[in-house]
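Whenever a hint applies, use it, and build me the whole structure from the sequences.
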Amino acid sequence: MLAVFEVLGVLAFAAAGIIEAARKRLDVFGVVLIAAITAFGGGTLRDVLLGNKTFFWVQHEELVWAIIGIGVITPLFFRARHIEITQRAIEWPDAIGLGLFATSGAQMALDKGFSPLMAALMAVITTVFGGIIRDVLVNEIPRAVNDHQPYALFAFGGAWLMWGVEQLGVDQNVAIPATAAAIIAVRFLAIVFKWKLPAWRL
Amino acid sequence: MLAVFEVLGVLAFAAAGIIEAARKRLDVFGVVLIAAITAFGGGTLRDVLLGNKTFFWVQHEELVWAIIGIGVITPLFFRARHIEITQRAIEWPDAIGLGLFATSGAQMALDKGFSPLMAALMAVITTVFGGIIRDVLVNEIPRAVNDHQPYALFAFGGAWLMWGVEQLGVDQNVAIPATAAAIIAVRFLAIVFKWKLPAWRL
Amino acid sequence: MLAVFEVLGVLAFAAAGIIEAARKRLDVFGVVLIAAITAFGGGTLRDVLLGNKTFFWVQHEELVWAIIGIGVITPLFFRARHIEITQRAIEWPDAIGLGLFATSGAQMALDKGFSPLMAALMAVITTVFGGIIRDVLVNEIPRAVNDHQPYALFAFGGAWLMWGVEQLGVDQNVAIPATAAAIIAVRFLAIVFKWKLPAWRL
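Residue numbers (our numbering), protein chains in the order written: chain A, 1 to 202; chain B, 203 to 404; chain C, 405 to 606.
A couple of the hints might just be wrong.
So these bits of chain B aren't anywhere near chain C, every CB distance computed over 12 angstroms [said to hold, decoys possible]:
# : residue
1 : Met203
2 : Val260
3 : Ile272
4 : Thr276
5 : Arg290
6 : Ala291
7 : Asp373
Calculated lysine-lysine pairs in the PhoX-like style (CA-CA distance at most 25 angstroms, straight line) [stated by the list, open to error]:
#  : chain 1 : residue 1 : chain 2 : residue 2
8  : A       : Lys112    : A       : Lys53
9  : B       : Lys314    : A       : Lys53
10 : A       : Lys112    : C       : Lys457
11 : C       : Lys457    : A       : Lys53
12 : A       : Lys24     : C       : Lys428
13 : A       : Lys194    : B       : Lys226
14 : A       : Lys24     : C       : Lys598
15 : B       : Lys255    : C       : Lys457
16 : A       : Lys53     : C       : Lys516
17 : B       : Lys255    : B       : Lys314
18 : B       : Lys255    : A       : Lys112
19 : B       : Lys226    : A       : Lys24
20 : C       : Lys516    : B       : Lys255
21 : B       : Lys226    : A       : Lys196
22 : C       : Lys600    : A       : Lys24
23 : C       : Lys516    : C       : Lys457
Calculated directly from the structure, the hints in this document are not laboratory data. Computed from a prediction, not measured in an experiment: that's the story for all the values here. Glycine included, every Cβ here is placed at the ideal spot set by N, Cα and C.
Rendered as C-alpha cells:
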C-alpha cells in the first residue's frame, strides 16, 4: 500500500513540477529536472534521514522513465493546444501529492519505531521539501513558507491524526487511505475557500 | 559538554532564524520552518558527512517542540509590543551560535579521528550551512558569502586554535569553552567595529 | 583512472566556481566556498546516493588545500592584471568538468551494479548539482535548467554511450577517456556554435 501511495504521489508532484517549469519557460532539461526533483526530492531526503539504504527511484526505475517521458511530451502538448497555464493549476496535483506523501512518509517513520512527532516531521519533510527546492530553483521564495495558506500544517496534523487512529486499534489499511483522503479534502477546501494563516501586522 | 553546546547553539540559531523570517513577514509555518532549518541544518549536514547514524534533533525531541513553541509565540510577542526588528538584530544570536557550533562541530570531527583540516571544515559547515539555506529560502544571496564580514573565518581559525591548544595538552573541558568564548568575543568585536574582508576592486 | 578524472574534474569545476564568484564580487570566503561547492557538491551528493562511505574530499585533503589556495590567490591575480571576466569565460572549464565527472560518475554507478539508467542519472547529478547550488547561492535561476543549451543532455547521453561501448567489449581504460573526450568535444561545439534546445512558443 505504501508503495502504491508513493507511486501516485510521485506522479502528482511530477505534474505540479512540470506545470511550474512550463510557466517559467525552462528548457526541456529544466522541465524534466524540476519535475524529478519535485517528485523525488522530499522522499529522498526522508530516506536519507530515516537511514533507508535504497531510494524509491532506484527501486522503481520505470518511474524515472515515466517522468522523463511526461516531461518531454507534456510541454509539446501544451504548445499544440495553446493551453494557458494559470498559477493556480499547480495547486490541485500538489494537494493530492500532499495527502499521499504525508501519510506514506509518516507511516514509514512509525514503522521504524520513531515517535509520532518524528513521524509528523517526516510527513512535513516528505511533502514540503521537493516543492521548496522547485521554488528555489526558479528563484522564488518558496510557496511553502510564504503563501500564508495552510499546507504543511495539514501534513503535520494528518500524521498525528493517523497515529491517533492507529492507537485506537484501527487497521493501517483503513487508517492510511482515510487520513490521506481527509488531508486532500481539507486542502481542497483550503484552496477553494482561500483559507489563510494569520498574517503579520507589525 | 558537546551536548550542552549543541542545545545552546540550536537555540541561538533558532532565534536568528525567527528574526529573519519575521522580517520577511513569512507565515507561521514559514517562521517555524526557517527557525528549524537555521538551527538544525548545519548540524544535520555535518552528521550526514561524518556518518553519524542518529541526528541531534531525533535524540532531543524536546528541542523540536521548543522551536515550534518559540516560532509560534515570538511573532505574537513582537506584534503585541510593536517591536521593530532591525537587520542587525540577527547578528548577536548568530555570533553566539557561531562560537558554540564551531567548537562542537570541530571537536566531533577530531573525536572521530579526522584531521584538523577536516575538523575546521566541519566547523565551517556546521555554522554556515543553516544560515545559507535560511538566506536562500528568503531569496537573498547568503550573507555568509556576500557580506564581506569575517564570519566563517572565525569558525575555521577557531577550530585550528582549539586543535593546537589540545595538542599542547590542555584539557578538552577547558579548550572547548575557551575557544567558543574567544570566537564569540572576536565576532562581537567584528560586528561592533564593522571589520571588513578586503573588497574587490576590479 | 577514475581518481585522476575526479581530481581534474574538481579543478575544472573549481575554476568555474571562482570565475562565477569573482563576477558577483563575493568576498574571499564566498569565493572559496562557491569554488568548493561547485567542485565537490555533485560528487558528494552522488556519494551519498550511491552509499559511498568516504567522500572524495575527505580522502584527498590536498585538493581542499588547493581550492583554498586557488580561491584566495586567483582574485588577487585578476585584480592585479585588471582582467575583465566575461560571462562566457565560465563555460570552458565547465565543459571539461562535464566530460570528466559524467564519465567517472557513471562508471562508479556501473561498477556498483546499477543499471545504465541509474548510471546516466548519476552522470547528470554529478555534473549538474554543484553548478546548480553555485547559481542558487548567487541568486540566479540555475543555468542548467534555464539556458536552453544542451549540457546535462551530453552527460546523460555520454553515460549511455560509454555503457554501450563497454557492452561491446571495449576496455574501460579506453571507453572512459574516449567518452570523456567526446562529451567535451561536443560541448565545445555547442558553445562555439550556440546550439539551442527547442524553445517554448506558447
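Each hint tested on the structure:
1. Met203: For B:Met203, whose nearest Cβ neighbour in chain C is about 25 angstroms away, the distance exceeds 12 angstroms, so it holds.
2. Val260: holds, 18 angstroms
3. Ile272: holds, 28 angstroms
4. Thr276: holds, 27 angstroms
5. Arg290: holds, 18 angstroms
6. Ala291: For B:Ala291, whose nearest Cβ neighbour in chain C is about 22 angstroms away, the distance exceeds 12 angstroms, so it holds.
7. Asp373: Its Cβ never comes within 12 angstroms of chain C, the nearest being 27 angstroms, so this holds.
8. A:Lys112 <-> A:Lys53: holds, 13 angstroms
9. B:Lys314 <-> A:Lys53: Roughly 23 angstroms separates the two Cα atoms, so the pair holds.
10. A:Lys112 <-> C:Lys457: Satisfied, since the Cα-Cα distance of roughly 23 angstroms is no more than 25 angstroms.
11. C:Lys457 <-> A:Lys53: Holds, at about 12 angstroms.
12. A:Lys24 <-> C:Lys428: Given pair A:Lys24, C:Lys428 holds - Cα atoms ~24 angstroms apart, limit 25 angstroms.
13. A:Lys194 <-> B:Lys226: holds, 22 angstroms
14. A:Lys24 <-> C:Lys598: Since the Cα atoms of A:Lys24 and C:Lys598 sit roughly 22 angstroms apart, the hinted pair holds (cutoff 25 angstroms).
15. B:Lys255 <-> C:Lys457: Holds - the C-alpha atoms of C:Lys457 and B:Lys255 are around 12 angstroms apart, at most 25 angstroms.
16. A:Lys53 <-> C:Lys516: Roughly 14 angstroms separates the two Cα atoms, so the pair holds.
17. B:Lys255 <-> B:Lys314: Holds - the C-alpha atoms of B:Lys314 and B:Lys255 are around 13 angstroms apart, at most 25 angstroms.
18. B:Lys255 <-> A:Lys112: Holds, at about 14 angstroms.
19. B:Lys226 <-> A:Lys24: holds, 24 angstroms
20. C:Lys516 <-> B:Lys255: Holds, because 23 angstroms separates the two Cα atoms, which is no more than 25 angstroms.
21. B:Lys226 <-> A:Lys196: holds, 17 angstroms
22. C:Lys600 <-> A:Lys24: Measuring from Cα to Cα gives roughly 17 angstroms; hence the hint holds.
23. C:Lys516 <-> C:Lys457: Distance of about 13 angstroms is within 25 angstroms: holds.
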